[in-house]
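> Since the structure of chain A is already known, use the hints to place chains B, C and D on it.
Chains as they are written, first to last, in the numbering used here: chain A, 1 to 275; chain B, 1 to 275; chain C, 1 to 275; chain D, 1 to 275.
Take these hints with a grain of salt, some might be off.
The list treats identical chains as one, so a pair stands whether inside a single copy or across any two.
Under the rule of at most 25 Å between Cα atoms (straight-line distance), these lysine-lysine pairs were calculated in the PhoX-like manner [said to hold, decoys possible]:
no., residue 1, residue 2
1, K197, K257
2, K257, K178
3, K79, K152
4, K257, K139
5, K139, K170
6, K270, K197
7, K8, K87
8, K197, K245
9, K257, K87
10, K242, K80
11, K80, K152
If you're looking for bench data, these hints aren't it; they were derived computationally from the structure.
Here is how the chains run, residue by residue.
There are 4 protein chains.
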Amino acid sequence: MIILIQCKDNVGLVAAISGIMASKNINIMSMREYVDGEAGQFFARLVCEQSADAQTLLKDLHDVLPGDALININPESQKKIIVLVTKEYHCLSDILVRNHFKTLGAQVQCVVGNHDVLQEICKRFDVPFFLINHKNRSKEEFEAELLEVIKKYPHDYLVLAKFMRILSPKFVDSFLMKIVNIHHSFLPAFAGANPYKQAHRRGVKIIGATAHFVTNDLDEGPIIVQQVIPVDHTYTANDMMKAGKEIEKSVLAKALKILLEDRVFVYNNKTIVFE
Amino acid sequence: MIILIQCKDNVGLVAAISGIMASKNINIMSMREYVDGEAGQFFARLVCEQSADAQTLLKDLHDVLPGDALININPESQKKIIVLVTKEYHCLSDILVRNHFKTLGAQVQCVVGNHDVLQEICKRFDVPFFLINHKNRSKEEFEAELLEVIKKYPHDYLVLAKFMRILSPKFVDSFLMKIVNIHHSFLPAFAGANPYKQAHRRGVKIIGATAHFVTNDLDEGPIIVQQVIPVDHTYTANDMMKAGKEIEKSVLAKALKILLEDRVFVYNNKTIVFE
Amino acid sequence: MIILIQCKDNVGLVAAISGIMASKNINIMSMREYVDGEAGQFFARLVCEQSADAQTLLKDLHDVLPGDALININPESQKKIIVLVTKEYHCLSDILVRNHFKTLGAQVQCVVGNHDVLQEICKRFDVPFFLINHKNRSKEEFEAELLEVIKKYPHDYLVLAKFMRILSPKFVDSFLMKIVNIHHSFLPAFAGANPYKQAHRRGVKIIGATAHFVTNDLDEGPIIVQQVIPVDHTYTANDMMKAGKEIEKSVLAKALKILLEDRVFVYNNKTIVFE
Amino acid sequence: MIILIQCKDNVGLVAAISGIMASKNINIMSMREYVDGEAGQFFARLVCEQSADAQTLLKDLHDVLPGDALININPESQKKIIVLVTKEYHCLSDILVRNHFKTLGAQVQCVVGNHDVLQEICKRFDVPFFLINHKNRSKEEFEAELLEVIKKYPHDYLVLAKFMRILSPKFVDSFLMKIVNIHHSFLPAFAGANPYKQAHRRGVKIIGATAHFVTNDLDEGPIIVQQVIPVDHTYTANDMMKAGKEIEKSVLAKALKILLEDRVFVYNNKTIVFE
Chain A
1 MIILIQCKDN VGLVAAISGI MASKNINIMS MREYVDGEAG QFFARLVCEQ
51 SADAQTLLKD LHDVLPGDAL ININPESQKK IIVLVTKEYH CLSDILVRNH
101 FKTLGAQVQC VVGNHDVLQE ICKRFDVPFF LINHKNRSKE EFEAELLEVI
151 KKYPHDYLVL AKFMRILSPK FVDSFLMKIV NIHHSFLPAF AGANPYKQAH
201 RRGVKIIGAT AHFVTNDLDE GPIIVQQVIP VDHTYTANDM MKAGKEIEKS
251 VLAKALKILL EDRVFVYNNK TIVFE
Chain B
1 MIILIQCKDN VGLVAAISGI MASKNINIMS MREYVDGEAG QFFARLVCEQ
51 SADAQTLLKD LHDVLPGDAL ININPESQKK IIVLVTKEYH CLSDILVRNH
101 FKTLGAQVQC VVGNHDVLQE ICKRFDVPFF LINHKNRSKE EFEAELLEVI
151 KKYPHDYLVL AKFMRILSPK FVDSFLMKIV NIHHSFLPAF AGANPYKQAH
201 RRGVKIIGAT AHFVTNDLDE GPIIVQQVIP VDHTYTANDM MKAGKEIEKS
251 VLAKALKILL EDRVFVYNNK TIVFE
Chain C
1 MIILIQCKDN VGLVAAISGI MASKNINIMS MREYVDGEAG QFFARLVCEQ
51 SADAQTLLKD LHDVLPGDAL ININPESQKK IIVLVTKEYH CLSDILVRNH
101 FKTLGAQVQC VVGNHDVLQE ICKRFDVPFF LINHKNRSKE EFEAELLEVI
151 KKYPHDYLVL AKFMRILSPK FVDSFLMKIV NIHHSFLPAF AGANPYKQAH
201 RRGVKIIGAT AHFVTNDLDE GPIIVQQVIP VDHTYTANDM MKAGKEIEKS
251 VLAKALKILL EDRVFVYNNK TIVFE
Chain D
1 MIILIQCKDN VGLVAAISGI MASKNINIMS MREYVDGEAG QFFARLVCEQ
51 SADAQTLLKD LHDVLPGDAL ININPESQKK IIVLVTKEYH CLSDILVRNH
101 FKTLGAQVQC VVGNHDVLQE ICKRFDVPFF LINHKNRSKE EFEAELLEVI
151 KKYPHDYLVL AKFMRILSPK FVDSFLMKIV NIHHSFLPAF AGANPYKQAH
201 RRGVKIIGAT AHFVTNDLDE GPIIVQQVIP VDHTYTANDM MKAGKEIEKS
251 VLAKALKILL EDRVFVYNNK TIVFE
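For reference, chain A alone in the conformation it holds in the complex (with noise of 0.2 Å):
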């Protein structure tokens, strides 16, 4: 059982919280705990051996924590996610692949596309894939459409796997920290289109990427995950944008498993992510 809490900062917080485990025989494996001193706020992840009612655990837990605590008690049950792409393979590839061996940590509901591109390897994976063309139509009009094929599957996060279209605010308030988007480049730097190319123009000598939560500022939502591997003069915008796709890769894999392990919290636009 892996139990997260977020609240204002006190003396004995974590005193009540393990009492109360302790009271219950529950013998903690682990326990991570910060307090964001400048901001006054408490934040713990314990992993449990044993699992607790639920429903008793919240109410007691609430009854001895601050009033505005949030507190999510996760029994160990599969998670589930919805992954948006245009055209590049990498990611949804990689996501497969980890979805078909059991080892994502989350179970793929579906694929949609704005491109049929990537049917064709969905297929092989027994995935449903859903095509949903965006051209010469409004953004409403593909977004309800969207909104269709999602609520058909249970899910707990939507994953933007290198989905180039930018989502209205109204669909990404009805999802607030639950789409998870892989930007080509080491943000700030090169937020916006082309950020190869704008890499390639400055002259930079390491590329990037990130992985963060959308919200409506565009590439301004709280960062999950970022890595960066070195370039030189001889890589073109093309070479960059290749060697970039790995580490897109490698970094939204990483940001889903801390995800989908329920060791990340925001917290003015930031994550806390116990690793």
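Below, chains B, C and D alone, put in the same frame as chain A:
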């Protein structure tokens, strides 16, 4: 106030510890806890906003913890180190500079060298340097003179900053987990002498450095920090040595930082590091 | 057209080689040259804009180079590989995906496994899979069957993508510098079996993977690529193994890339890699 | 003898250059060549075993190269630098230590500071320090005094080792590609003031440093070296600044190394670095 606790694992340890803190109205700013499941061993590090009377706190903690508990209450006083060197300047100079600008996290009490080449740089920084010749003398005589110097100065750790002599079992035993060494390879690869020559002959693509506690198994003590850098076929053994100095300097600096901040436990010849 | 040249070093080699190219009006887009000063050996890789008749060019180059010169003129045709596996899917899947999307730089001819667990994923990608059982059979019988399969398919390299059997000296000798292996440790640390268990016991702070050519000294062949990732005390041997799979996959992919792009020389049991 | 050549690309350049070397019986120990295909520009760096009369060689090379060729023949004499600082000691100390032990690859002629805090450390290393106050004075007056000091000392480069003033366009123009700066962020992210505060606010998971040539577009000059280190939610802006100092020091050291070894070309506001 920083508190380190290590004992046999049990249900309720976090509750017991944090309960005592809460009862004394001490706010835990950050708490790291880890259970080695295989060994059934519990480790915790608490950073507390306020200090408490160490004697009383120690007694109160022992009252609620298993009989074997090791408890370390560290007031925030300055730590003290003695540095041992041979001829290479890079690690020593880095330590002397940080010591001079008071960012080392410790005071360098003195430097002992078995050659005189580094005497001059110590003088520039007004740090006492003792030359203890190892030539034409037994190890016993050498270490007897060394011990005399060491006795003159209070010290928490002996830092071997490229000290190229092997200390006797008797000496090492009397400073267990108090001697830190920087080894110029990525251990356990290339233990022993001339690691860069070995690395060059083997044609590795990465070289590294390892900071570890000294035990009587040569280069087999608990590892504190390791880092690596890429090399390629153009590196001679000498080039590797030059490049390696940068990483040795960096690894020793990192190891001293976490050690002097009381972030390191040792168990089963391994370190638990709460970074 | 890519040209690889290796010979005894001499004054005027670059002039001689580039002179021939200029006389044929061939533009050298990129030229990398390296002299191993200790060994007195010269290595060069030329990427030329235009192609030339290979036979004539070979003769012209041999005319101006020392008698021992090894010259490799690579037309830009697709390379071919055969992949050997046991049970682990991560390296194979990565190769199959790249092969499927034609970004591997080679065609996977077939996969050979000594267990059947990976048969299914090969079928999904329409790649022939041959099960060659090693149980209750001599190594000779096993390799005889393996050779039969290999003979059926043209191949530039055999890729051991987590193939957990040791090949016989006779077999290895007949494919010298044509067999690439991914070893799940940072060689020479933890050669042999169970490297992650060894790494866990030693308490290292970094784990790695090594892609190397297979020779008859186990895990002692020329190293092509090495990479590492940080680990800490919270990793069990099993966690290290999981984390290691990511780096194994990445290192093998990188090694195949540079190998298939004709960027690797071997000399004195070491590789010269022009990246 | 090291030779740098930059000119319009053409068939036969390598042959022409290496032919001249061969005709003079000069052995090329290492030659790096790169063609920027988009720009049609050729770059070469030759390390030759023997030296030749620079005047004659220069003429001979110009005779066979395009009219616009930039040719730099570097005898292996010691380079000279002047260091500008404000208050932070970490980059300057690293330079002073290397200078003291003659491993910098250059001689530090003098240090100029707009504050006096670093005067003392310069004195310890017997390096002249000039305090040039910027308060209550115009930039013109400040730079006039600076120029007077600079004129006194021969110099190949001015190194801004955490010099926190912006130099005037006139000053910069008169030292084009001769001023190296260390910027405390991963450019182009967080250009301008207070990069660590910006990084903390944005919640990045990696921070970095950039060594670049100074041009009159602030923080937009050609990038020489960039490196990064991971950070997490526990870092305050101040912690980032402390951790950043380590990487700043390392990046500036690396940039100086390759610069002083004549490994850097500049073209189109980018660097070509032959490492």
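> Does each hint hold? Answer for all of them.
Hint by hint, here is what the structure shows:
1. Proximity of K197 to K257 under the C-alpha cut-off of 25 Å is restricted to the inter-copy arrangement: shortest distance 23 Å between copies versus 30 Å within a copy.
2. In the homo-oligomer, the alpha carbons of K257 and K178 lie at most 25 Å apart inside one protomer (15 Å), although the nearest pairing across protomers, at 36 Å, exceeds that limit.
3. Taking the shortest alpha-carbon separations for K79 and K152, only the intra-copy value of 16 Å comes in at or below 25 Å, while the best inter-copy value is 45 Å.
4. In this assembly of identical chains, K257 and K139 lie within 25 Å of each other by CA distance neither inside one copy nor across copies; the values are 31 Å within and 40 Å between.
5. Taking the shortest alpha-carbon separations for K139 and K170, only the intra-copy value of 11 Å comes in at or below 25 Å, while the best inter-copy value is 52 Å.
6. In this homomeric assembly, K270 and K197 come within 25 Å of each other (Cα to Cα) only across copies, at 14 Å, whereas the closest approach inside a single copy is 28 Å.
7. In this homomeric assembly, K8 and K87 never come within 25 Å of each other (Cα to Cα): the closest approach is 44 Å inside a single copy and 38 Å across copies.
8. When the C-alpha separation of K197 and K245 is checked against a cutoff of 25 Å, the pair qualifies only within one copy, where the shortest distance is 14 Å, while the shortest distance between copies is 30 Å.
9. Taking the shortest alpha-carbon separations for K257 and K87, both the intra-copy value of 23 Å and the inter-copy value of 23 Å come in at or below 25 Å.
10. Within a single copy, K242 and K80 get their C-alpha atoms only as close as 30 Å, which misses the 25 Å cut-off; across copies the closest is 21 Å, which meets it.
11. In the homo-oligomer, the alpha carbons of K80 and K152 lie at most 25 Å apart inside one protomer (12 Å), although the nearest pairing across protomers, at 44 Å, exceeds that limit.
Consistency note: the structure conflicts with the earlier hints numbered 4, 7.
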